[in-house]
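Engineer: Here is how the chains run, residue by residue.
4 protein chains.
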Amino acid sequence: MMKENLEKGILLISCPDKEGIVAAVSTFLFSNGSNIIHSDQHSTDPVQGHFFMRIEFSHPHLNDQLAVLKEAFDETAKPFKMEWSITVSSKKPRLAIFATKEDHCLQELLWRWQLGELHADIAMVISNHLDFKELTENAGIPFYHVPVTKESKPEATTEHLRLLKAHRVATIILARYMQIIPEELIHLYHNEIINIHHSFLPAFIGGNPYQQAFDRGVKLIGATAHYVNAKLDEGPIIEQDITRITHRYNVTDLKRHGKDIERIVLYRAVKWHLEKRVIVHGNKTIVFQ
Amino acid sequence: MMKENLEKGILLISCPDKEGIVAAVSTFLFSNGSNIIHSDQHSTDPVQGHFFMRIEFSHPHLNDQLAVLKEAFDETAKPFKMEWSITVSSKKPRLAIFATKEDHCLQELLWRWQLGELHADIAMVISNHLDFKELTENAGIPFYHVPVTKESKPEATTEHLRLLKAHRVATIILARYMQIIPEELIHLYHNEIINIHHSFLPAFIGGNPYQQAFDRGVKLIGATAHYVNAKLDEGPIIEQDITRITHRYNVTDLKRHGKDIERIVLYRAVKWHLEKRVIVHGNKTIVFQ
Amino acid sequence: MMKENLEKGILLISCPDKEGIVAAVSTFLFSNGSNIIHSDQHSTDPVQGHFFMRIEFSHPHLNDQLAVLKEAFDETAKPFKMEWSITVSSKKPRLAIFATKEDHCLQELLWRWQLGELHADIAMVISNHLDFKELTENAGIPFYHVPVTKESKPEATTEHLRLLKAHRVATIILARYMQIIPEELIHLYHNEIINIHHSFLPAFIGGNPYQQAFDRGVKLIGATAHYVNAKLDEGPIIEQDITRITHRYNVTDLKRHGKDIERIVLYRAVKWHLEKRVIVHGNKTIVFQ
Amino acid sequence: MMKENLEKGILLISCPDKEGIVAAVSTFLFSNGSNIIHSDQHSTDPVQGHFFMRIEFSHPHLNDQLAVLKEAFDETAKPFKMEWSITVSSKKPRLAIFATKEDHCLQELLWRWQLGELHADIAMVISNHLDFKELTENAGIPFYHVPVTKESKPEATTEHLRLLKAHRVATIILARYMQIIPEELIHLYHNEIINIHHSFLPAFIGGNPYQQAFDRGVKLIGATAHYVNAKLDEGPIIEQDITRITHRYNVTDLKRHGKDIERIVLYRAVKWHLEKRVIVHGNKTIVFQ
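Protein chains in written order, with this note's numbering: chain G, 5 to 293; chain D, 5 to 293; chain A, 5 to 293; chain B, 5 to 293.
It is worth saying that the hints were derived from the structure and are not from the lab. Everything hinted at is true.
Chain copies aren't distinguished; within one or between two, either way the pair holds.
No farther apart than 30 Å at their CA atoms in a straight line, the calculated lysine-lysine pairs in the DSS-like style are these:
1) 105 - 137
2) 169 - 12
3) 259 - 96
4) 22 - 96
5) 275 - 105
6) 288 - 12
7) 12 - 259
8) 280 - 169
9) 95 - 137
10) 288 - 95
11) 259 - 288
Next comes chain G alone, as it looks inside the complex (with noise of 0.2 Å):
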């Protein structure tokens, strides 16, 4: 019979592979009352390659006790130099999505969050046009117009802080926000902001790439989700689905086919990233489905 007070959390490790790690990390949940319910993990080479290892499990009291269970496992992760984390499941990461005048991608956020399919608060939407505001309102959540103009990008980038900070937010969508990340955003956001590419990168890194799509004649169009890092379109990639083309579709079309792609590219990449499934080394992403 399932316990009442049963709580979920999720331990996710990085760390040179050894012998060894998987059963002293199952022995440490076992011996301190938590039940595997899933483990995936992988190495890039079993001799001296590096280990990805996420467990999600159960424990009675996983909330009280996690910063007891943090420095108990402190111990067993030293000797093998893990880097690793323990988030609990019962709180929700706070989210920021940046839009601008596609509402596609916004959309299907707001809309799976409604059906409870996005793990996180949504603490606001921020734009730089008002075209969005209605509907981020009608859904409950608040909207903030910050206008951003070649002269004014400072004070957009201060107030962007502001903002992130006064709301506590953990990551960023931009959700075809069509302006580039200051360098300060990124690096206060390491591997917390997601962008959508509307191309399968990396063909069509930069502007238009269903224009350039169409000029290439290519036979699929594509769309990428990354994290956003210094290098524009070059961020560890987490997710890219394509649909078919034919000769048949002008740019418009390109446009309108390609939307239905962007928006389930992004959406999955967030769930994912939201559920801890995403572990980002190097310049890619190992994701845990």
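With chain G's structure known, arrange chains D, A and B on it following the hints.
Structural biologist: Relative to chain G, chains D, A and B alone:
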């Protein structure tokens, strides 16, 4: 540095779910000198559900110490009521392929085997026709012609059993072998006979599925690889896939396009079976990829 | 240069195949001042088969001269025994959407309609529950609550018919409306009622298809959009699609993933129907894309 | 009833779009005793765009009257400034396949050809290695070994040209032939050389695309079949497809999974080319399916 004589094994476990399984198993492996290379697990429900696990591990002297290891593991397994097996990777199972007059599935399996993508020895091809004699023997594989008529069916089964026994065959692949398999064979090769059915089961059970699909006007056709049990086309499904069709396709077109799905679906199912990735539970399969 | 008052029409033809059809039709259009923008055709068999054609054309005064054009085309059509229709693009058909308590299909249709991707006016949403009143009215669409119980079914049908007539509704979309449609309505809206069934028909006809899919252990789940006729789930199929699942999905997961297929499959079928891309022939459809 | 000596032809047309093309062409065919079996058309823009058409037609004496028909059609074609061709279906084009050391694309083409799925005679296989001599000759096809080194390149090209001419080769397939094609050959076989590149172009142009894909951490890998022109990997794309990969795949896995995409993409492109379904326009293709 890679130890020279490192040998690989696969441990499969199926038991009622309970706290401590992973810890017990991983501790056993570690303390017996094994290193976990890859591990997958699944629970139908952490509370009172059923637990499944597949572990790829390496051990410096697996072949020599297999009997010892098995005896020792029995102690770990008993309290959890585990059904389990340990397979040594260096030992290849022996396959028999049954075929009739459609060559695409047979061709695909022979070709994948020649490429080293199937972890098996192909012991023989058995057919009720002579069409594939040359194809089979060119690949260096014995070919046996066992005609099957309504009257000769019992003799054919006797001959099949004799050949399978003589060649120590562990697994039978029905590569579009259009004959009902007798119960005696099904019983002897429990969950070791894989069939490819040319529809996305449970749609279009029985004969002429492409004609049935054409008559119904479906927009997708598919194929299903499944273990053979006593009920026609109702055994546990291992893999399925589909392809899109249009109103322009007649039944001949469906058959032609269907072949491309059949051969890839059968190949995947056979490959996963041979790599011990498939666990049958009730009438369903767990497939660890 | 584009003529300013150029109007678009769609000509649909269905007749026994015979030499000279394309020549006769294209000559008619050309000699009447029309320009063929796009043309699709299909023959089940050039000899004694059935011929289908869809032509998008432009005409400088189509709205004004429609009656004249139709009368003239009748002369061309007769010798070939054509069933045919000419639709003026500027006139949008009026839709009614029936829904119950699952919002994903309704949401998708409203959203696509707001984006201008559905060539229709949505006349109303009818539901046997009140859940979607606000959603519908926020989109500026009338909402009618018509409760349906075993006893009130006849009254409900009367009310449905009254509403459909009052709003001059041409096409009905069942957006996961979980009620049997009475024959009177099916008869009145022959090939004008589109339903979404949550399985890849003909697999899993009837209730709880996701539970059925779970029990059978399939590796793909699907959805089917079809015209409604007197036989439950057996009407002409317009579109189907599938998504891959694994042993890790329980019935709730299947439902969640299935929604994404249902909404896109229904959207496509409705879009194609409204763009006059679908011709029903017997129990099958020709879909010109 | 089917006339016994009915012969099939394919008419391809490319010209500036203008009213009356379809009427003129279909009237010509009808009045010359041809019956349209299938017709496809495309216009980049009905106003000042470019128009493309592919018509499959039958004619009772096509082989005998081809010259007469062509001369007559010239009168219809001239006022529209058509580029056009009529191909008789009974005449198969002659193919040369170039290969090196990877067999999957060659195998697929030979197998499809044996199944009757490629409308061509394979005149020969040319390779710079001896590996496929037996495979080719077993299929009853002449094999020519033409070694290519930096120094011998000019002699190799001369030998290639001699063989191609001697065997009256119309189309060249590069089945993973890892050599740069000299301009002389490209010029001579304008839009008649098809290459398979092992990435979803324009991503990963040049050498080692799977290593490039691995390094970038993409979640999809692909293949591209294209006509060869003077710019490496930049010719008109005929077909592309992709397959999903995960973080678990190393470069060897990518190569193995990529092969399955390469062979099917090349097969489709070759099939469509041989069935006269592909029209090159600028650096893009129209593919009528």
